[in-house]
Amino acid sequence: MFFRRFLRMKKILLLVNNKKYKNNKNKTKKKICVVGVSPNVGVTHLSLALANFLHSVLGKKVIYVELAENSQLLSIVGMKQVRVGDFLAYEYKGVKYILSDDINAIRNLMLTENAWFVVDIANLNEETQTIFTNCNNRIVIGSLSPWCQREYYEFIDNLGLLEYDTSQMTYIKINKNKTNQIVSDFNSHANSTIKEMPIINDPFSLEEENFKDLMNLVR
Amino acid sequence: MIPKGIEDRYEVIRTLQETAATAVLLVRYKPIGALRILKAIHKAHPDVYSILSESNLLQGIKSSQIPTIFEVEDTEEITYLVEEYVEGISLREYLSETKLPTEKLLYIAIELCKIVETLHTAGSEPVLYRDMKPEHVFMEGDTVRLIDFGISIRKSESGNAKPLGTKGWAAPEQLKGDYLDERCDVYGVGKVIGFMQMNSYANDDFRIKQIVDLATEPDVSKRISSITELKGLLENIQVNRVNDKVGKRHLDKRIAVIGGSHAVGTTRIAISLCRFFNKRKIDCYYKDNEKNTVRKIWMNLKNTKLQKGVLYHENFRGLFEYGEAVEKQNPPEGIRVIDCGTNKSIPMGTDIIIYVTAGAPWQQDEELPEWIKDDRVYVISNFSDKLQSILLAKSLKKKVYRYPIVNRLDISKDEENVFSAIFKNEKDFIIGQ
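Protein chains in written order, with the numbering used here: chain A, 1 to 219; chain B, 220 to 652.
Lysine-lysine pairs mimicking DSSO-like chemistry, simulated, CA-CA at most 30 angstroms apart:
| hint | chain 1 | residue 1 | chain 2 | residue 2 |
| --- | --- | --- | --- | --- |
| 1 | B | 281 | B | 381 |
| 2 | B | 547 | A | 61 |
| 3 | A | 60 | B | 510 |
| 4 | A | 60 | A | 80 |
| 5 | B | 563 | B | 515 |
| 6 | B | 618 | B | 498 |
| 7 | B | 563 | A | 61 |
| 8 | B | 500 | B | 643 |
| 9 | B | 547 | A | 80 |
| 10 | B | 441 | A | 93 |
Listed next, with one range per pair, are the computed distances between beta-carbon atoms:
| hint | chain 1 | residue 1 | chain 2 | residue 2 | range |
| --- | --- | --- | --- | --- | --- |
| 11 | A | 72 | B | 394 | 50 to 58 angstroms |
| 12 | A | 59 | B | 624 | 26 to 34 angstroms |
| 13 | B | 547 | A | 148 | 34 to 42 angstroms |
| 14 | B | 627 | A | 59 | 21 to 29 angstroms |
Reference listing, derived: stretches of chain A covered by chain B, where coverage requires no fewer than 3 residues with Cβ under 8 angstroms from a Cβ of chain B:
| hint | region |
| --- | --- |
| 15 | 49 to 57 |
| 16 | 84 to 97 |
| 17 | 202 to 214 |
No lab work stands behind these hints: they were computed from the structure.
Ideal placement from N, C-alpha and C gives every residue a C-beta, glycine not left out.
Using the sequences and the hints given, assemble the complete structure.
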C-alpha cells in the first residue's frame, strides 16, 4: 500500500518537473544559426523567414546576423539605421539586421545582448564554427539527391557535427522525392530525423500556412 | 467713436463696445432697414490691420453660418467694416437657460465642426479661426453660427502671428506663439464641446468625454488630427444613437473590459464574454490591447486554429496582432471584446464598458473613473462577497454584478448568467439561454 502511494507520488512529481522543464525550455532566448552544405540551398531565405516569424508572430526581439561583409540584404533592409551594441545595424519590419563578418565582435554581442539571434552562416569553417558552437539551435540545409548526398555526409563528418547535442541539431533536405532508404540511412548516420524544407514564398510577407513549419524549427 | 460720413446710410442704434480707439456699433442700414454691425478702429491703432485681415479672410468663403461682410471703408482717421448682424443668443447664454439633450449637443458640435471645416478648406489655404469660445457661437433658432474673426489668420501666416487667443479656450501652442495648424481649432471646438457636455444630460457619456479628451490633448501630436476627423467621430455617436432608438441590430459593437486594478480577472472575464456570445452564434472577437494573450493562448493551448488573423479555440475567437512581416488580413465583422487591462483610456469607438473591480482590500480602486456612472458602463465585482458588492452598488448608486468563482477554462453556467443579466437590456444583443 505504502509502496503504491510512493510510486504514485513519484509519478506526479516527475510529471510536474517535466512540465516545469518544458515551460522553461520554451521561454529561454535562443540563438539560431542556419548553415548550408553547399551554396544556394536557401540558407538566407529560411533565416529571414525565421527572424520575421520570431518577431512578427511570436513578438520576440530579434537580431539577424549575416556573416558577410558585402551583403545583398543591404538594399532591402538598409533604409533605417539603428545601433546595436557597437554595431551599426538596420531595422526592417521590426527585426534588427547586422551585416558583418567580425566574428569576435558578434560572439561578444551574442553573449551580452538580450534578444533572440538568427545567424545566417554563409560558409561554415573553422573560424565561423565558434558562432555555430555558441548557438543552441543549429539548422543545417543540404540536398539528398544521389549526386549531392555524399557532400552532406562529408559536411557532417568533417565539421564534427555528430559531436553536438542532437536535440540542438536540425537537418533539412531541400528536395522531396527521395526514397525512404536514403532518408533512413541519413537519419541513422546523423542520429536525427531529417526534415523537409518549408515552402515559403516571401520571407518578408509570411503566410499563416508557414507558421507550423517555422514553429517546429524554432522549438 | 463714429466714422464721419456714414449718417446718410447708417443710423446708429446702440454702441455695443467702445474704447478710445475702437468701437463696435449696432446700426440700421437705412435703404432697406436691416440691422448690421459696424466695427471701427482708429488708423493709429496697432491692430488696424485686423479689420482688413478679417474682411480679406472672409471674402470667398461661402457659408450661411458665417457673417457676410458688406463693406470696408477708410475715412481720414478711421477704418471701418460693416457686416451682417447675427441675431439670436450666444451659446453661453443658451446653456445658462437650457440643459442640452445629447442629440442637441451632438447636433451643435457637428454644425460647429462643419463651419470650421469650411474655413479649413476655403480657398488656396486654410483659415485658422483661433478664437473658439461659447461667446462666439451663436444660436439663431436651430441654426448655429460663428462670429468674430478678428484674430483669424491664414495658415501660412501662423509663423509670424501674434500669440493671441482667450486663455482657457485657445490651444496651448497658440498662446505660446508656436507654429500653428488646423489642430488649434480642433482644440477650441473640443473645449466648446466639453463646455456643452457639462451643461447637458450627456454629462456621464464616456464616448463624448473621450472625444473631448482627444480633441483637447495639450500635446499636438496626440490630438485628433483634423476637424473632419472630429466631425466623423461625433457623427458615429449620432448614428449609433439613432440606431439605438430604432433598435437596429448591428454587430459592430465594441465592448471594452477595463480592470480597476491588477489581478482582478479582467482577461478571464473578457475571454468568457467572447465565448458567451459565440456560444449563442453571435460572432464575437477578443482583442487584447495591453498584453499578448492571444499569442500565449496559441502557443500554450492544444487544438487551436489560426485562420485569416483569427485564433479559434472552441467558442473563443481572438484577433492575432501580427507584425509587419505577415501578409495583411482583413478584420472580420462582429462584436469586439477589447481587453484593456488596467488602462482607463477608453478605446475609440467603444459602445459599452464592463468595469471589473475586486473585493480584497489591496485591490480596491484608489479612484473610480468619472465615466463609471454612465448607463453604458456595467460594473462587475470579482473575488468579492455579497456584502462587498452591495456596498459598492450603494456607493456607485448603480447595479453591481457579482462574478462567480470559476475554476475551469471553459465558460461556466454561473458566468453565463451574469452576462445574460447584463445584456438582457441591450437591444442589439438577442440573448437566448
